[in-house]
Every structure is written in structure tokens, then in C-alpha cells.
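**Student:** Here are the chains, one letter per residue:
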Amino acid sequence: MIPGAGWLRTVWARSVAALSRERLDREFDEELTTHLELLVDEGRRQGLSPADARRAAMHRLGRLDVLRETHREQRGLQMVDQLMQDLKYSLRMLWKTPVFTAVVALSLALGIGANTALFSLVDDLLLRSLPVRDPAHLVQVRQVVLAMGFRKPAEAFAPHAFDTMRAQNTALSDIVGFARLDRPAVLVEGEPESGRDVEQVSMNYFRDLGVAPVIGRMPDASDAAVGVVSYGWWQARFGGRPDVLGRVVTVNGQASEIVGVAPAGFHGLAIDTPADLWIAGRTSMGLQMVARTTPGLTLVQATTATDTVFRELALIPPTFKVETELLPVAGGISQLRAQYARPLLALTVLVALVLLITCTNVGNLLMVRNASRRRELTVRVALGAGRSRLVSQYLVESALLAVLGGAAALAVAQWGVSILLSMLPLTAVPESLAFNMDGRVLGFAALLSLLSALLFGLAPAWRGTRVDVTVLRSSAGSTAPARAVRTGRFLVGCQVGLSVLLLVGAGLFLQTLRNLTHVNVGFNPDNLVQVSIDTRGAGYRDGEAAGAVSRLLLERVAAIPGVRSVTAIRNPVMRHSLSRGMMRVPGLTLPPGESWETADVGPAFFETMGIPLLRGRTFAASDFAVEPRRAFIVNEAWARRYFPNDDPVARGIGIIGIVADVRLAGVRSETAPMTFMMIPKQPDRVSAIEVRTTGHPSTVFAAIRDEVRRIHPRLLVDLRMMREEIARDLATERMVAGTSAFFGLLALLLVSIGIFGVASYAVAQRTTELGIRMALGAGRWAVIRESLSDTLRVLGVGLAAGTLGAIAAVRFASRFISDLLFGLGPADAASIAAAVLIMAVVAIAACIVPARHATRIDPLRAIRCD
Amino acid sequence: MKNKLDILQGTLDLMVLRTLSTLGPLHGYGIARRIEQVSGDRVILNQGTIYTSLVRLQQRAWIRSKWGVSENNRRARYYVITRAGEKQLVAQTEYWERLAAVMGRVLASERSEG
Numbered sequence: 001m002i003p004g005a006g007w008l009r010t011v012w013a014r015s016v017a018a019l020s021r022e023r024l025d026r027e028f029d030e031e032l033t034t035h036l037e038l039l040v041d042e043g044r045r046q047g048l049s050p051a052d053a054r055r056a057a058m059h060r061l062g063r064l065d066v067l068r069e070t071h072r073e074q075r076g077l078q079m080v081d082q083l084m085q086d087l088k089y090s091l092r093m094l095w096k097t098p099v100f101t102a103v104v105a106l107s108l109a110l111g112i113g114a115n116t117a118l119f120s121l122v123d124d125l126l127l128r129s130l131p132v133r134d135p136a137h138l139v140q141v142r143q144v145v146l147a148m149g150f151r152k153p154a155e156a157f158a159p160h161a162f163d164t165m166r167a168q169n170t171a172l173s174d175i176v177g178f179a180r181l182d183r184p185a186v187l188v189e190g191e192p193e194s195g196r197d198v199e200q201v202s203m204n205y206f207r208d209l210g211v212a213p214v215i216g217r218m219p220d221a222s223d224a225a226v227g228v229v230s231y232g233w234w235q236a237r238f239g240g241r242p243d244v245l246g247r248v249v250t251v252n253g254q255a256s257e258i259v260g261v262a263p264a265g266f267h268g269l270a271i272d273t274p275a276d277l278w279i280a281g282r283t284s285m286g287l288q289m290v291a292r293t294t295p296g297l298t299l300v301q302a303t304t305a306t307d308t309v310f311r312e313l314a315l316i317p318p319t320f321k322v323e324t325e326l327l328p329v330a331g332g333i334s335q336l337r338a339q340y341a342r343p344l345l346a347l348t349v350l351v352a353l354v355l356l357i358t359c360t361n362v363g364n365l366l367m368v369r370n371a372s373r374r375r376e377l378t379v380r381v382a383l384g385a386g387r388s389r390l391v392s393q394y395l396v397e398s399a400l401l402a403v404l405g406g407a408a409a410l411a412v413a414q415w416g417v418s419i420l421l422s423m424l425p426l427t428a429v430p431e432s433l434a435f436n437m438d439g440r441v442l443g444f445a446a447l448l449s450l451l452s453a454l455l456f457g458l459a460p461a462w463r464g465t466r467v468d469v470t471v472l473r474s475s476a477g478s479t480a481p482a483r484a485v486r487t488g489r490f491l492v493g494c495q496v497g498l499s500v501l502l503l504v505g506a507g508l509f510l511q512t513l514r515n516l517t518h519v520n521v522g523f524n525p526d527n528l529v530q531v532s533i534d535t536r537g538a539g540y541r542d543g544e545a546a547g548a549v550s551r552l553l554l555e556r557v558a559a560i561p562g563v564r565s566v567t568a569i570r571n572p573v574m575r576h577s578l579s580r581g582m583m584r585v586p587g588l589t590l591p592p593g594e595s596w597e598t599a600d601v602g603p604a605f606f607e608t609m610g611i612p613l614l615r616g617r618t619f620a621a622s623d624f625a626v627e628p629r630r631a632f633i634v635n636e637a638w639a640r641r642y643f644p645n646d647d648p649v650a651r652g653i654g655i656i657g658i659v660a661d662v663r664l665a666g667v668r669s670e671t672a673p674m675t676f677m678m679i680p681k682q683p684d685r686v687s688a689i690e691v692r693t694t695g696h697p698s699t700v701f702a703a704i705r706d707e708v709r710r711i712h713p714r715l716l717v718d719l720r721m722m723r724e725e726i727a728r729d730l731a732t733e734r735m736v737a738g739t740s741a742f743f744g745l746l747a748l749l750l751v752s753i754g755i756f757g758v759a760s761y762a763v764a765q766r767t768t769e770l771g772i773r774m775a776l777g778a779g780r781w782a783v784i785r786e787s788l789s790d791t792l793r794v795l796g797v798g799l800a801a802g803t804l805g806a807i808a809a810v811r812f813a814s815r816f817i818s819d820l821l822f823g824l825g826p827a828d829a830a831s832i833a834a835a836v837l838i839m840a841v842v843a844i845a846a847c848i849v850p851a852r853h854a855t856r857i858d859p860l861r862a863i864r865c866d
Numbered sequence: 001m002k003n004k005l006d007i008l009q010g011t012l013d014l015m016v017l018r019t020l021s022t023l024g025p026l027h028g029y030g031i032a033r034r035i036e037q038v039s040g041d042r043v044i045l046n047q048g049t050i051y052t053s054l055v056r057l058q059q060r061a062w063i064r065s066k067w068g069v070s071e072n073n074r075r076a077r078y079y080v081i082t083r084a085g086e087k088q089l090v091a092q093t094e095y096w097e098r099l100a101a102v103m104g105r106v107l108a109s110e111r112s113e114g
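Protein chains in written order, with this note's numbering: chain F, 1 to 866; chain R, 1 to 114.
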């Protein structure tokens, strides 16, 4: 199951058996034989017969088997022998109790697996460095444009910016450039290839990054235009054969020769979008700029130096407010990182709690089981086994369980990663995030298994081997002493506390999701279809064509039966893609830098979307005929902010209507001031069409697709019901809430098993005493109270500690958690109360069966059984 | 046989070191024989016991071993005292002599009083 385990076992076995034991045994035998012969010779010299001489020699040398055994012992091999013995014994014990073994291994697999899955994702996104030379000094050079109250980073630089940077900036070295090509047309030896991701890179890209080829060479300054293929594509398309070198790839009409293959771990600098092919050469395209800062300089110093070069060379127009920014990118450039780092870290904390709970639970199970083995242990101690020997035997058993759990955990982790990724709204799962069973992941799983084994194995081993030989004399030797029970109770108390913490987290995230799904988006998302279109793939790049296509599409779709109305919007809804802007409004002085969200919409937008009109009117068809556009519509928040005291519609300043507040950018967006304009006749692009249907939206999907294909076969469209768009916008929250709810339930299950075990044990242990009390007339409740009071006290303490811990945790990590929540604060009293209540109910429920058991003790039998 | 001393491990180790220091490289038989001769056959229960001591001394790097040929033309392991072993021999001998002297005095006085 674990690659390398077989190899390891072989080496282990050989080194122990062959190297040490067999060789040393053989040599010792030889030594003894020589010794014996010398003794025989001595006897012969004294005149003994050969037979007598041999007998005397054997007598003087000593018994060979005893000598061998003491020799072996002295050599220190005994330890290995003992370990093998313990291993065999443990395997037999685990085999004899398959249910116990399965339960323990399974819960460990879940705990370790969940942690490994999250480690794999966190490692890919946050910890791993790019496989290039000296990644620690890599930075991305960006220019952040400050305009209209927001920061817009500009990342693409023209070739002359690269040249001047290389020549003038001593703070940066190894300046490389790259750009992703937008849906390039790729031919290999004249044959079209579909769906290949291509990056245009600067000639020095591979050499200065320090990426060595698997085969072939990397581009150098003397090349004109050459290609480097990724390892993955080389394997998939070219069968991993060396004849890939020298082949010609044509990208958007430009032919290049393939000169090398990149190493397997290298997918480019932008890790979210791995590339199949890099074309190196001079280009007029704008490229993203990545460089190394000169060692010894701080980031601030390097930034200042870079900014100076930009300004001196007038690369920044003086009228713009622009800041230069150097972004450390040792781990690669990633949008996903910014988006998912926090949710993943929050889940990491939750699964760590789950593993702790699992370990205490397994520890408890082991302790209970070991208690039933006391008699056997006591006998072994009485026969002279040392305590360390017993402890080591227990630890071997724990290690075996951990190995079992850890191996299964790898499968769980792989499964977990694919589930988590499937819950995210990724169009394609980047290769960089996929579960890779590499050294780091294996090492993490192994380390975690080892730690878990120590965590759950040490206490039972220590407690369980404290035996008192005198108990052998009485028949009471089969029950555990009070100490073990106390340790068990303590562990359960810890579990309760940890579970409260976990439940508070799960409660906060579930409540967040609930709040978000109940947000009023301000329009009617039912029976609404969003058609996202991309005209560039079909070659419509200019405004006239884009406008014509969208008008044509609107007309055709409107004619489809089952479509009530149709409208267009420049940027799709629920994709966080609205633009910001401002406009001069007569009679209104705006503070400098003021801006708000704006949307360019088509005819019948508000009617189709179901956005209520509060005052005035919406855009009429005639408005769309007038250019330049004068009329616009504002939302309620805008009107309240800028015209708090009168009606802007009545002023005749272009505002023709006021509509209700609406969340178009995303569910989490605020209902801030917003204006609506009409799409111009020649728009730069129209990205979405909104279709209101009379029946279920899916009925018109096929018809819309047909119409699109009829307009242009390569027009790319993406059809989604608006409900689905909203769900996708909440996918991360749903993932966090769903995952934490799952682990919350798992924790409850584990903890109720733990409580049940401890409570049952408490009752069983006092059967005699309870029997006597009942015989003396004690009532039901008194018996229950008597038998479970200690347990309940510990549960209470655990509950209190957990509550305090949770309050402290949300305080401590308040800022971190706040960003993940919606509509409630981290110290949400309801969530904490709910967690405590649920935990308390589960705890009491887990005590009910043992409590009933206590009241049904037959006094006569109870007294007799001891 | 009956009146052979049940000697302490350390004593045997010391005797082995002494023997190797005096006679140079020897195999197990040679060492055992020599100790029997010097102690008048009174120390060793059986000669095989010597090997436990030899392993112990090797583990502490006070002696080394190498393969050679015995006088009856068999492959035999020869033991050699190391520099650390020589040092140990000096220290242990001193200690042993002091202990023996003290023990002698104590035992003598006890006997005279008793």
C-alpha cells in the first residue's frame, strides 16, 4: 500500500537476520568448533582415547546451546528478538479482536486522512516553493493604479519596460517575462491540437529561473523562436520519446522548433494555470514580470529602486497615481491561494481537533481493553517480566494500529482531496492542487501516525502495566484499579472539551451559510438563466461585431418558446465582476476619488431580472436609440446617499428612475450605491444574456445552444440557472460549513462512544456495591446518581473547559475568523450555546443506557458474582 | 570442580585483559587455558564462559579480533588488546588491588574478633 514499504521490510529483514544474526552465529559456531578440537587434541596428548578425549572436551567447553544463547544475548540481538516476539503477539491479539481493530484503524484513518488531505492542499497552496533556483528571492513586479478609490494592479509590461529594467535596475536581477495566451490555435507538425495551454515567455525565462531540461536544451539568446514542452504533455502527446525534439509547433501562425522538455514538477510561475507549452522569443505582447531581488536588499529598498527606474524612464504617465509593488512569489503566482488559504487553514484547525479527539478515544478504548487483560499481565509480571518489557509490548501494539490507520489514511486523504476540490467552483482542477502521494505527503502521514500512536498509546501502556502481583491471590484481579478508570474519565473530559470547540466552529460556519442562503439578492433568481458568452474565440474582437452578435442573440433567444423575456449585461451577474466608476451629476459635488459600482445593461433589464422599480421609469427601447447615452438609473442606496432630501428623478438631471437595492456582484457584496447605464451601440464586450423563462429553465437550454451555434459555431457559451450561479458563489462557504458539520458529527459520535464506555465501566465496576445498596432499599435515582456522579462531574468540567476554550479561541483568532463569517461575529453567543447544549444532550444520552443498566442490577446476583 | 569460585564478571574480564596484555594475540582456547593454568584450574566453570566476556570487551572496544590459523590448522579468531584496553587494565588492576587489600584487612580482623 505504501510504496517503499516492501523495500524497507526487505532491508530490515536482511540486515537483522542475514547480516547480524546468521553471520555472527556461523562465526561463533566456527570459533567453538576450533576450541573444541583444540581441547580434543589436548586430551589426546594426555593419552585419552579419541572418544574419551571428545567427551572430556565437551564437558570442559560447556553446553553448546547454552553458550550460543548467552552469546546471542550478549551481542544485543535479544532486543530485536523481543521486538519480533512483541510484533507477533500484537498481531495475534489484533487478529483475535477484529471489531476492535477495525474500529480503531478506521477512526484513525479518518482522523489522519482528513489531516493529510488538508495538509496536501495547504502544502500545495501555501508551503511549497517553486522548483526553480533560489525561489526565496523571486518577486512579481506590479504597478498598482490608484483610481476612483480602488487599487487596480497592472501586471503586463511592454518589451521596452523589460529592456530598461534589465539595463537600469541593480536591485533586480534575472528579470523574466511570461504571458498566458488566450485560447491559442496550436498545430503540431501541421496537425491541430485542441485545449492546449500555452505561455509566451522571454528568451531568458528558463535559464534565469534555473529550470534544467529533462531532455534537450533550454532556449538561449541565439534562438529566434523555440518551444519547450511540459513533462506532462511530452508523456501524453509524444509518448515520452526523445524524437519530440526538433518537431515544429505552430502557435497562432508562428512556427517554433521544440528544443527541450521541462522537468515534471515545473508547471510555470502561475501555479493555478499550468502550461503545456512555452514559446520563447521576442514578442510585442505585454508580459508579466518576475525577477529576483538582489541579495542583501530589503523588499522596501528593492521596491523603491524599481519605482525610481519606472519614473525616470517615464514608464508611468505623470498624471496617473501609480505605486510600484514587488510581490514575493516563492510559491508561485496564485489567485486560488488568496481565495482559499483562510478557509483551508480554518478547516485544518478543525481536523486537528478531530484527530485529537480520535486519539483520546482510541487511548480510552485501549485502556478499557487492557484492563480486561490485567490478569494475564499480572501473571507475566509474577513470572518475572519487567515493566519496560510490558510497556514496549503495548507500544508495539499501538504502533501497529497507527500503521494500519496511517496506511488507510492515505486512501482517505486522496478521497478527501477530491471531495473538497469537487465542492469548489473550479472549472478545471489545477494539476498543482491534485493529490500527489509524494515524499512530503507520505512523510506527513507517517509523522502524524507516529505522533498519534504516542498520544493514544503512552497513557494506556503506562497505566495498564502498573500491576500489583498480590491481586493474583484474590479473584478480583480481573478488574482495573480506580486509577485506570480515573485516567479514562479524564480523557473523556478532554474529548468533551475538544468537541465543544469543534462544534462552536462548525456552528459558526453553518450559521454563516444559513445567513448567506437567506440573503435577499434583490432580484428574482427563479426561472432565470444566465448565458455567459465569449465572442473572442469566434474572432469577434471589435465593438461593432460584439454589439451585433449580442443584439442578434437577444432577438433569436427572445423568439424561443418558453422564454418570457431576455436582456443583456456587460459583466455576468454573481461573478464579482462589476466595474466601478463615477459620473458628473449636475448639482452634485463629489469628493475626490469617489466611485461606485456601475452596470451596463440592455433593454428590459429590470423587468427580466425582477428588480422592483421604486420611482420614475426604466429604460425604454427609444432610449437605446439615442447616442451619446444620457439617461441612467440609480438604486435606492445611491439616491439616499447623494440626494437624501429630495427626489433626484424630479430634477431632470438624467436620472430617470430609482430601483430597489440589489446584489448583482455576489451574495456577500454589500448593497452599496450603484448606477445602471445602457449598453452602448458598440460595446467593448457583452458577456452575459439573462433569460427569464415561463417554465423550468432547463427546458430552453438546448434551444438556446442551437441558436448560439447557428450564429457562430465557435462562439463559446456557458449556460447556468441563476440559482446555480448563486450556489457557486457560496461554494467555498458551503465547503467549509459542510466539512466542519461532518467533522462535528464525527466528533459527537466518537465522544458518545467514549462516554458510553466510561459510564458502563463505572457501573460495571461497582456492581457489587450497587447491588448491596439496592438490597438495602436505595431508590433508582440514588443508584444512578451514585454510579455516575463521578462521570457526570468530569463531563461537566469538560463542558465548562470547552466553553471557556471556545470563547478564548474565537477571541484570539477573532480577526481571522471574522473574514470567514457572514451576518454574525466570531463570539456568537447562539453558536456557543448551541454547541454546549448539543454536547450536553449527547453526553447525557450516552449515559442513559449504562444508567438503566445500573437500576436493573439484581442484588442477589451482584453480591454473589464477586 | 565444586570448589571453583563463582567469580564476578568484572574479574573474568580483568583476567582476560591481563592475559592478552602479557601474551599478545590469542584465541579463545588459548585464553581459557592460560587462565586455568595461572589460577590453578580454580576460576572457570567451563571454558565457553570466556566468550561472553570476549563479546563484552569487544563492545567496549578494549579488545579487537581478527581471523587467523590455529596450531591445529583451523580457522580461529585471535583477540588483541587495544590501547584503551591497556589503560583500562592499569586502572582496573589498581582498583582490584586496593579492594583486595581492604577486603583482606576486613576479613582478617573479623576472623580474629570472632
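Hints are computed from structural coordinates only; laboratory data are not their basis. Honestly, I wouldn't trust all of these hints.
[Unchecked claim] A few chain F residues facing chain R, derived, Cβ under 10 Å:
{"hint": "1", "residue": "Leu38"}
{"hint": "2", "residue": "Glu42"}
{"hint": "3", "residue": "Leu61"}
{"hint": "4", "residue": "Thr70"}
{"hint": "5", "residue": "Pro98"}
{"hint": "6", "residue": "Val99"}
{"hint": "7", "residue": "Val103"}
{"hint": "8", "residue": "Ile215"}
{"hint": "9", "residue": "Thr348"}
{"hint": "10", "residue": "Leu454"}
{"hint": "11", "residue": "Leu455"}
{"hint": "12", "residue": "Leu458"}
{"hint": "13", "residue": "Glu607"}
Yeah, the Cβ is synthetic: ideal placement off N, Cα and C, and Gly gets one too.
**Student:** All hints, please: hold or fail.
**Tutor:** Against the structure, the hints come out as follows:
Of the supplied interface hints, the one on Leu38/F holds, with its beta-carbon coming within about 4 Å of a beta-carbon of chain R, less than 10 Å. With 10 Å as the threshold, the beta carbon of Glu42/F comes within range of chain R, its nearest partner Cβ sitting at about 8 Å, so the hint holds. For the restraint placing Leu61/F at the interface with chain R, the shortest Cβ-Cβ distance is roughly 5 Å, inside the 10 Å limit, so the hint holds. Taking 10 Å as the C-beta cut-off, the interface hint given for Thr70/F holds, the closest approach to chain R being about 5 Å.
Hint status for Pro98/F: violated, given a least beta-carbon distance of 43 Å to chain R, over 10 Å. A distance limit of 10 Å between C-beta atoms decides the matter here; for Val99/F the minimum to chain R is near 46 Å, and the interface restraint is violated. Evaluation of the Val103/F hint against chain R yields a violated restraint, the C-beta minimum of about 45 Å exceeding 10 Å. Taken as an interface hint, Ile215/F does not check out: its beta carbon lies about 51 Å from the nearest beta carbon of chain R, beyond 10 Å.
Taken as an interface hint, Thr348/F does not check out: its beta carbon lies about 48 Å from the nearest beta carbon of chain R, beyond 10 Å. Hint status for Leu454/F: violated, given a least beta-carbon distance of 30 Å to chain R, over 10 Å. With its C-beta approaching chain R no nearer than about 35 Å, Leu455/F sits outside the 10 Å limit, and its interface hint is violated. Hint status for Leu458/F relative to chain R: violated, with the closest Cβ pair at about 31 Å, above 10 Å.
Evaluation of the Glu607/F hint against chain R yields a violated restraint, the C-beta minimum of about 94 Å exceeding 10 Å.
Hints 5, 6, 7, 8, 9, 10, 11, 12 and 13 from the list above are not met by this structure, while the remaining hints are.
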